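**Student:** Here are the chains, one letter per residue:
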Amino acid sequence: MDPMAEIKASFFVECAELLEGLEEGLLQLQDGDEDPETVNAVFRAVHSIKGGAGAFGLEALVHFAHRFETVLDEVRADRLTLTQDAILLFLKAADVLSDHVTAAREETSVPSGKSDNTIQELEALLDIDANESNLPEAEVVADFSPMMLSLDLPQNDAIPPIGTQFRFITREGLVESGNEPLFLMRALAELAPFQAEIDTARLPDFDNLSPSKTYVDWTLKSNEHVDQSDIEAVFEFATDLCEIVFEEQTQIDFQNNPQIVHPPQTEHRETEQQDPQIVTDSEAIEPSKTITINEATKPKNLPKQPVSTATVRVGLDRVDRLVNLVGELVINQAMLSQSLSEIGLVSNTSVASGLEEFQQLTRDIQDSVMAIRAQPVKPLFQRMSRIVREAAEDTQKKVRLYVEGENTEIDKTVIERLADPLTHMIRNAVDHGLEKPQTRKQVGKTEEGTVVLRASHRSGRVVIEIEDDGAGINRPRVLKIAQDKGLIPEDANLSETEIDNLLFMPGFSTAKEISNLSGRGVGMDVVKRAIQSLGGRISIQSTPGQGSVFSISLPLTLAVLDGMVIEVAGQTMVVPLSSIVETLTLAEADVQILDQGTRIVQIRGSFVPLLDLAEEFGYRDAGAYPENAVVLFILAEDGERYALVVDLIQEQRQVVIKGLAETYGHVPGVAAATILGDGKIALILDTADLIGNAGHTDQNKLSLAG
Amino acid sequence: MNVLAVDDSRTIRDMVRLALGQAGIEATVAEDGQHGLEVLDSMTPPDAIITDINMPKMDGFGFIEAVREQEQYRGVPILVLTTESAQEMKTRARAAGATGWIVKPFDPVKLVNALKMVTGQ
Chain P
1446 MDPMAEIKAS
1456 FFVECAELLE
1466 GLEEGLLQLQ
1476 DGDEDPETVN
1486 AVFRAVHSIK
1496 GGAGAFGLEA
1506 LVHFAHRFET
1516 VLDEVRADRL
1526 TLTQDAILLF
1536 LKAADVLSDH
1546 VTAAREETSV
1556 PSGKSDNTIQ
1566 ELEALLDIDA
1576 NESNLPEAEV
1586 VADFSPMMLS
1596 LDLPQNDAIP
1606 PIGTQFRFIT
1616 REGLVESGNE
1626 PLFLMRALAE
1636 LAPFQAEIDT
1646 ARLPDFDNLS
1656 PSKTYVDWTL
1666 KSNEHVDQSD
1676 IEAVFEFATD
1686 LCEIVFEEQT
1696 QIDFQNNPQI
1706 VHPPQTEHRE
1716 TEQQDPQIVT
1726 DSEAIEPSKT
1736 ITINEATKPK
1746 NLPKQPVSTA
1756 TVRVGLDRVD
1766 RLVNLVGELV
1776 INQAMLSQSL
1786 SEIGLVSNTS
1796 VASGLEEFQQ
1806 LTRDIQDSVM
1816 AIRAQPVKPL
1826 FQRMSRIVRE
1836 AAEDTQKKVR
1846 LYVEGENTEI
1856 DKTVIERLAD
1866 PLTHMIRNAV
1876 DHGLEKPQTR
1886 KQVGKTEEGT
1896 VVLRASHRSG
1906 RVVIEIEDDG
1916 AGINRPRVLK
1926 IAQDKGLIPE
1936 DANLSETEID
1946 NLLFMPGFST
1956 AKEISNLSGR
1966 GVGMDVVKRA
1976 IQSLGGRISI
1986 QSTPGQGSVF
1996 SISLPLTLAV
2006 LDGMVIEVAG
2016 QTMVVPLSSI
2026 VETLTLAEAD
2036 VQILDQGTRI
2046 VQIRGSFVPL
2056 LDLAEEFGYR
2066 DAGAYPENAV
2076 VLFILAEDGE
2086 RYALVVDLIQ
2096 EQRQVVIKGL
2106 AETYGHVPGV
2116 AAATILGDGK
2126 IALILDTADL
2136 IGNAGHTDQN
2146 KLSLAG
Chain X
2 MNVLAVDDSR
12 TIRDMVRLAL
22 GQAGIEATVA
32 EDGQHGLEVL
42 DSMTPPDAII
52 TDINMPKMDG
62 FGFIEAVREQ
72 EQYRGVPILV
82 LTTESAQEMK
92 TRARAAGATG
102 WIVKPFDPVK
112 LVNALKMVTG
122 Q
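Just so you know, the sequences run in chain order P and X.
The numbering of the first sequence is my numbering, which starts it at 1446 and goes up by one.
The numbering of the second sequence is my numbering, which starts it at 2 and goes up by one.
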């Protein structure tokens, strides 16, 4: 890649980090943090974005960042009081800034209305304090134009003289600031040959001489014409530390004058660095020794080494390759164990214990590799605070988002694919969950509603909860909607959980409900599907008047899963353990056949639809399952249970997931495949999909629910 | 030539390194003033230093002052590279001991020329 493009790409990565820091800082300020460093950090974030954007000529971004920064600078200088309203506006501006960054990256543009409005609102803050703030517009413009020189120079005559002559009068601080007169004159000599005349009138007595001061001035003459602006450019950095006075030109005899300043040569540096100390013979050894030690203790050539940090950036493809290889290792290890046990491995032998150790190591490597892919949910959660702000603004509600457990780690892919469903759920929590401020006041709640986003580890899975302190699910209304839409029979008698789960039914969300927020074409059924496709589950707990909690339970990784290895009509398959509630041996006496040919099984007094896997896959006819078959009770996401008939359970084990979708596309009822210890391929079943595809309609299911 | 460049923005650090590298100037970078001092301690004394003003931990003013306090760096040219252009800022930087002031976004050629000029090369 071309180096500039590479830097630009890394600029956008940096922007993402800066925006994250910006938001974090603003949220801290919102919580009452009064540390000036927080304000500084907020300012710097915007400032750095502006700086980088300027380098790439991203004008819209620079423009917005600049206005934003100007206002933040006022806060930093204590000229603008930081009210809660101001912080809210800054958060909004941060969102717009983020839009600008995205637009710049994608080479699109931000709707000017939104950006301009925010700028106006920002600058309105300044107007309030206008009597104190002094920010002339001119200053703003000048910021990005080249620096202007302000030299008090006598205006020269219209006709340029043939030669050039000027006085270079030094002031205190010239040398201290690192502006070496010799170097200035060398730069001058690049323009034309100049002759320097020294003026030592200001030179004090030797006793009063300070080595760090300049006491001499020069008159510089050239026979060639040199533009004043070019000379001024040479002295650009030292305009405040010297005076350049252009004079009438007199002819100079170059031939006879040896004091000509020549173009750069490097003899000066040696003299400059020579140690002026006089060393007597007896002391001579001492210093040289010190030097040797210094040289030795100094880390060798450190400067070229980039300063090491605690992180390494690695391409995701490399990690994925490692994950795949480890998967192969796990499979190979399993195959080895199996073949060793087939040839009759005696326990307590060194081979057996070696194998055990190998197994343990494999497991550890696998965990470590998975940990590389694991990332904290923090960035994802941070994105949600913007969603909450926007949703609050759109619905005229006051909302505060609290985040807990943001350092909980989960697979990167899971995080990425969680963004959409989570966004939708957060919007729902604000839009449907929370009441309007007046309503909240009337029922004795604070006007400001609360949404809590929480992540935690629970028994090998990650649980993400979205909790609101709103009105809770209006069950009579949900029931009514479902009945009106014919999703459930009029006389259905549903439990509270079942009513809550109606929210996840396809077709439940209606056009009527599509407001600004929820109308993004996603219903809760889509959310549920997305969670399921990640091997997750979603559930609701709701208390009328007190609020609702949506819980998403997710696997730590998408690369391995705990499965039940089963056999169906001679085929080996894997059912994800997470979907199995309970297993039982099927007693024919408990099975009943309904009119439509649907089989149901009675377990603990309730009837559960029976689903023969082999029949579903077309291996055998209905009801042809063997005696002593086993049933796996599967908990569907709606809380409904199904009995899956299988011939036999082989074992319970961790399996490496091998995707099939790339080769075969979506196969109904099949989630993926794995390779077992004997080297054979087994399908991993997608129970939710199986149940959905089974001949059993919702009608049947729900008529049993009572 | 060997230059120490201090800037909290990775983008700017990369750009400075690229600009200088193309001119055959070796650039060592640091992320803030404090880090800049540490890096300065561990490197061969630079021919010039480039620093940003707005940085965490230690800003450019503090950094320049701290550099100038060290005897061996009294005369090292220090160029300020910043988006700031307010006179007040320049005065402060000058008081701290800055040699010159370049406003971002910078022109790579100008930066290199300025470096050559202040180092007399």
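Check before you lean on any hint, since a few could be wrong.
[As the list claims (entries may be wrong)] Computed cross-link-like contacts, DSS-like style, restricted to lysine-lysine with a CA-CA straight-line distance of at most 25 angstroms: (1) P:Lys-1890 - P:Lys-1843; (2) P:Lys-1843 - P:Lys-1823; (3) P:Lys-1886 - P:Lys-1843; (4) P:Lys-1823 - X:Lys-117; (5) X:Lys-117 - P:Lys-1658; (6) P:Lys-1881 - P:Lys-1823.
Keep in mind that the hints were calculated from the coordinates and are not lab data.
This structure is a prediction, so every number in the text was calculated from the model and none was measured.
**Student:** Indicate, hint by hint, whether the structure satisfies it.
**Tutor:** Quick rundown of the hints versus the structure:
1. P:Lys-1890 - P:Lys-1843: Measuring from Cα to Cα gives roughly 12 angstroms; hence the hint holds.
2. P:Lys-1843 - P:Lys-1823: The hint holds at about 23 angstroms.
3. P:Lys-1886 - P:Lys-1843: Roughly 12 angstroms between the alpha carbons, so the hint for P:Lys-1886 and P:Lys-1843 holds.
4. P:Lys-1823 - X:Lys-117: violated, 46 angstroms
5. X:Lys-117 - P:Lys-1658: holds, 23 angstroms
6. P:Lys-1881 - P:Lys-1823: Between P:Lys-1881 and P:Lys-1823 the Cα gap is close to 29 angstroms, so the pair fails against 25 angstroms, i.e. violated.
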